[in-house]
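*Asks:* Using the sequences and the hints, build the whole thing.
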Amino acid sequence: MRWAKIIAVILIILVGGYFAFEPILNNINLGLDLQGGVHVVLLAEKPEGGKITKQDMQQLKAVMTERVDELGVAEPVIQIEGERRLIIELPGVKDPEKAVDIIGRTAYLEFKTYDGRTILTGSDLSDAKGVINPTTNEPIIDLQLNERGTKVFAKTTSELVKKYREGDPRRVISIYLDGKMLTSPFVKDVISNGRAQISGGFKDYDEAANLAALLRAGALPVNVKVVEKRTVGPILGADSLVKSKRAVFYGFLLVMLYMLFFYRVPGLVAGFSLLVYGLLILGVLAAINATLTLPGIAGFLLSIGMAVDANVVIYERIKEEIRSGKTLRASVEAGFKRSLLTVMDANITNLLAAAVLFKFGTGPVRGFAVTLSIGVLASLFTAIVLTRYILRELTVKDLINNPKLFGFGL
Amino acid sequence: MDFVGKWKIWFAISLLAIIPGLIIFGIKGLNYGIDFAGGNILELQFENKVSTGQVRNVLKDFGLEKNPIQSAGENRIIIRTPSLSEEKSREIIDAFEKEFGKMNILRNERVDAVIGREITYKGILALVISSLLILLYMSYRFEFNFAAAGVIALLHDVLFVLAFTAIFQLEVDSSFIAVVLTIIGYSINDTIVVFDRIRENLRIQKKKDLSLLVNESIKQTMTRTLNTAGATCLTLVALILFGGETTKVFATLLLVGTVAGTYSTIFIASPLWIIFKTTREKRGKIQAQKA
Chain A
1 MRWAKIIAVI LIILVGGYFA FEPILNNINL GLDLQGGVHV VLLAEKPEGG
51 KITKQDMQQL KAVMTERVDE LGVAEPVIQI EGERRLIIEL PGVKDPEKAV
101 DIIGRTAYLE FKTYDGRTIL TGSDLSDAKG VINPTTNEPI IDLQLNERGT
151 KVFAKTTSEL VKKYREGDPR RVISIYLDGK MLTSPFVKDV ISNGRAQISG
201 GFKDYDEAAN LAALLRAGAL PVNVKVVEKR TVGPILGADS LVKSKRAVFY
251 GFLLVMLYML FFYRVPGLVA GFSLLVYGLL ILGVLAAINA TLTLPGIAGF
301 LLSIGMAVDA NVVIYERIKE EIRSGKTLRA SVEAGFKRSL LTVMDANITN
351 LLAAAVLFKF GTGPVRGFAV TLSIGVLASL FTAIVLTRYI LRELTVKDLI
401 NNPKLFGFGL
Chain B
1001 MDFVGKWKIW FAISLLAIIP GLIIFGIKGL NYGIDFAGGN ILELQFENKV
1051 STGQVRNVLK DFGLEKNPIQ SAGENRIIIR TPSLSEEKSR EIIDAFEKEF
1101 GKMNILRNER VDAVIGREIT YKGILALVIS SLLILLYMSY RFEFNFAAAG
1151 VIALLHDVLF VLAFTAIFQL EVDSSFIAVV LTIIGYSIND TIVVFDRIRE
1201 NLRIQKKKDL SLLVNESIKQ TMTRTLNTAG ATCLTLVALI LFGGETTKVF
1251 ATLLLVGTVA GTYSTIFIAS PLWIIFKTTR EKRGKIQAQK A
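Chains A and B are the protein sequences, given in the same order. Note that our numbering has the first sequence beginning at 1, numbered continuously upward. Note that our numbering has the second sequence beginning at 1001, numbered continuously upward.
Please note that the accuracy of each hint is not assured.
What the hints assert, rightly or not - Per label pair, the in silico range of CB-to-CB distance:
1) A:Ile235 to B:Leu1202: 55 to 65 Å
2) B:Val1128 to A:Ile235: 37 to 47 Å
3) A:Met181 to B:Lys1248: 44 to 54 Å
4) B:Thr1223 to A:Lys98: 51 to 61 Å
5) A:Ala8 to B:Thr1278: 50 to 60 Å
6) A:Phe21 to B:Gly1063: 51 to 61 Å
7) B:Thr1223 to A:Gly16: 29 to 39 Å
8) A:Val396 to B:Lys1285: 46 to 56 Å
9) B:Ala1095 to A:Val161: 45 to 55 Å
10) A:Phe21 to B:Leu1132: 32 to 42 Å
What the hints assert, rightly or not - List time: in silico PhoX-like cross-link candidates among lysine-lysine, alpha-carbon distance up to 20 Å:
11) B:Lys1102 to A:Lys94
12) B:Lys1285 to B:Lys1207
13) B:Lys1060 to B:Lys1088
14) B:Lys1248 to A:Lys245
15) A:Lys203 to B:Lys1088
16) A:Lys46 to A:Lys180
17) B:Lys1219 to B:Lys1208
18) A:Lys98 to B:Lys1088
19) A:Lys61 to A:Lys46
20) B:Lys1098 to B:Lys1049
21) A:Lys98 to B:Lys1102
22) A:Lys359 to B:Lys1122
23) A:Lys243 to B:Lys1248
24) A:Lys326 to A:Lys404
25) A:Lys203 to B:Lys1098
26) A:Lys188 to A:Lys162
27) A:Lys225 to B:Lys1088
28) B:Lys1206 to B:Lys1282
29) B:Lys1098 to A:Lys98
30) A:Lys180 to B:Lys1088
Worth flagging that the hints you see were computed from the coordinates, not collected in a lab. Just so it is clear, the structure is predicted and the values come from calculations on it, not from any experiment. Glycine included, C-beta positions come from ideal geometry on N, C-alpha and C.
*Replies:* Set out below in structure tokens:
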């Protein structure tokens, strides 16, 4: 019966952990490098070299948000960085190349008359739709102008119809996208319903539909340049995830065997603490909605080393106390007490380094800093609270009194 | 083993590894990846058999055939080029698809040189700030001599990794900063446990000869130093063996850093502390005599 309590505690944790594992894992956001996706940094520029205002950036962000919505990404991240940069992250997007294409387009639509006068722009649209023209079987875009646009369009077309005879090359309205002419149809009649069409030049329906989506979202208020682009295909992401899982599994296994060999019973306890430690980290990552990246997994594995260190420092101290002639029980108490400050000092410096890394790192490197920090804190908790509790229960109640079981003499 | 008395030997071993590396670093520099230098990486997986020669042929049409083309197993090819515009990148991909049939774009990364400069600048800043923070924290918790010895030991580890990277021309990307800062964290963590023991022994045995006391402290903490290093190395070896290409260089550098950190903890940090302590005390005495 003396063992009942401690075995109960361990069992509860193990069973709870076993059942919590899958749900926790499914709740962790995976970074682009683990599920595929796009990371793009845009730099806003004005053609005349003018200053980019806060409002420009807000507007840019709003347009991008709409465009990204059209892509149907579950959890996009769009954030303004500094004065002129916009970071866009699209995890899990199926066709990363297409996404970059859509993000990078300015999509500035203009209606111009023969003499180059711009009469309407993309902001005069109320809707755009990609359709297949039933008579020609050609992909086209149906445009619907808003109230103002409809009025201007009606006025201009009636002017053209009055001014030029049928067949006159000046009786046209050309549609330009980003300065390139898409189509230049003749004006047959006055158009008062605000409807127009872009035809010609589309490879397939998808291309027309994509452009229509861009037009719906509106043109960018400024020019953008893609200064950083990283696309990871879903295949590479899945591959990295499988390999990382394997590395974590074997890393854990090796360290546990190592501890068991050198420290026997405490080694087993440390191994158990490590499992709890792993669960704790995953749980915290899921709880704070952090994103797990490839370097993040490396940080996680590395922090196992740190977690082991706390245990090792304590166990070595306990061994020393045993050597100095104390009973096992007294040694465990003294060992924990005397190594507490050492462990704290050693780990706080680690946290300092991780904090700096978080401040100055970018993207995945930040993920690494986060997991490393959580790792250090979790390792302090498991080593100081959990390991201590179990070892105390084992020794204070005299369940174990043979120093050899503490790896003494190795 | 006499850790303190033979310090000249231990320091010489370190310098023997570091100095040639730094010379190569000075001449050849590092093998900077696109994160620092700017440029384009395209990784493709073809469904048909495709050789690097065939890929080079296609790139000829774009005047890019002189760039490194690397085979990464099972019809996987990695192409590194200077920064490509979006249009050009798409044209190249289309050309590949036309020539070789179905393929998967595993990775298409482009970083402009502006971003690269920023990452470099931030990395150096991070190194300096974290070193200063650690110096401050250790001066507060221990004393300045310990702090200075600890920081020099960690710079030793960073230089060692830098030398290793330069000698083997391993590709350096933005995760290199993470490597360096992690090594800093590990190194100082490792050193502090020994310093902590020296401090404790100083309190207990006040009159003892410093070298003897330090040697003893190192021996007392030796098992811990080695076991921690062993466990950490095991996780890194698992990462190198099972973790896939992307993290291999990262894990290798961390492994090198861990080994350097363990070495400096045993052979560099504590002897340095004695040197600092005795010279400062001597200087103090001389000044006291003058006054």
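*Asks:* Does each hint fit the structure? Answer for all of them.
*Replies:* Structure-based check of all given hints:
In this structure the supplied range 55 to 65 Å holds for Ile235 of chain A paired with Leu1202 of chain B, their Cβ-Cβ distance being about 59 Å. Between Val1128 of chain B and Ile235 of chain A the CB atoms are about 40 Å apart, so this pair conforms to the stated range of 37 to 47 Å. For Met181 of chain A paired with Lys1248 of chain B, a C-beta distance near 50 Å keeps the hint of 44 to 54 Å intact. Taking 51 to 61 Å as the suggested C-beta distance range, the pair Thr1223 of chain B and Lys98 of chain A conforms, at roughly 57 Å.
A C-beta distance of roughly 57 Å is found between Ala8 of chain A and Thr1278 of chain B, which places it inside the suggested range of 50 to 60 Å. At about 53 Å, the beta-carbon gap between Phe21 of chain A and Gly1063 of chain B stays in the expected band of 51 to 61 Å. Range check, Thr1223 of chain B to Gly16 of chain A: about 34 Å between beta-carbon atoms, so the 29 to 39 Å window is met. Hint check: Val396 of chain A to Lys1285 of chain B, Cβ distance near 51 Å, so the stated range 46 to 56 Å holds.
Separation of Ala1095 of chain B from Val161 of chain A is about 47 Å and conforms to the stated range, judged on CB atoms against 45 to 55 Å. Distance hint check for Phe21 of chain A and Leu1132 of chain B: the Cβ-Cβ separation is about 41 Å, which falls inside the suggested range of 32 to 42 Å. Between Lys1102 of chain B and Lys94 of chain A, the direct Cα distance comes to roughly 16 Å. Compliance with the 20 Å bound is thereby established for this hinted pair. Our distance criterion of 20 Å between C-alpha atoms is met by Lys1285 of chain B and Lys1207 of chain B, whose separation comes to about 18 Å.
For a cut-off of 20 Å, the pair hint linking Lys1060 of chain B to Lys1088 of chain B stands: about 13 Å separates their Cα positions. A C-alpha spacing of about 15 Å is found between Lys1248 of chain B and Lys245 of chain A, which places the hinted pair at or below 20 Å, so the restraint holds. Using a Cα cut-off of 20 Å, the hinted pair Lys203 of chain A and Lys1088 of chain B holds, with the two alpha carbons roughly 19 Å apart. In summary, the hint linking Lys46 of chain A to Lys180 of chain A is supported, as the alpha carbons are separated by about 19 Å, within the 20 Å threshold.
A distance of roughly 16 Å separates the Cα atoms of Lys1219 of chain B and Lys1208 of chain B; the hinted pair therefore holds under the 20 Å criterion. For the given pair, Lys98 of chain A sits about 14 Å from Lys1088 of chain B by alpha-carbon distance, which is consistent with the 20 Å threshold. As the CA atoms of Lys61 of chain A and Lys46 of chain A are separated by approximately 16 Å, the hinted pair is consistent with the 20 Å bound. With a C-alpha separation of about 14 Å, the suggested pairing of Lys1098 of chain B with Lys1049 of chain B holds against the 20 Å cut-off.
Using a Cα cut-off of 20 Å, the hinted pair Lys98 of chain A and Lys1102 of chain B holds, with the two alpha carbons roughly 17 Å apart. Our distance criterion of 20 Å between C-alpha atoms is met by Lys359 of chain A and Lys1122 of chain B, whose separation comes to about 9 Å. Taking the CA atoms of Lys243 of chain A and Lys1248 of chain B, the gap is near 11 Å; set against the 20 Å cutoff, the hint holds. The suggested pairing of Lys326 of chain A with Lys404 of chain A holds, with an alpha-carbon distance near 14 Å, which does not exceed 20 Å.
For the suggested pair Lys203 of chain A and Lys1098 of chain B, the alpha carbons sit about 16 Å apart, so the restraint of at most 20 Å is met. For the hint linking Lys188 of chain A to Lys162 of chain A, the alpha-carbon distance of about 11 Å falls within 20 Å, and the restraint holds. Between Lys225 of chain A and Lys1088 of chain B the CA atoms are separated by roughly 15 Å; this keeps the pair inside 20 Å, and the hint holds. Under the criterion of a C-alpha separation no larger than 20 Å, the hint pairing Lys1206 of chain B with Lys1282 of chain B is consistent with the structure, at around 18 Å.
Taken as a hint, the Lys1098 of chain B and Lys98 of chain A pair is honoured in the structure, with Cα atoms around 18 Å apart against an allowance of 20 Å. Between the alpha carbons of Lys180 of chain A and Lys1088 of chain B the distance comes to roughly 18 Å, so the proposed pair stays at or under 20 Å and holds.
Comparing the model with each earlier hint shows no violations; every hint is respected.
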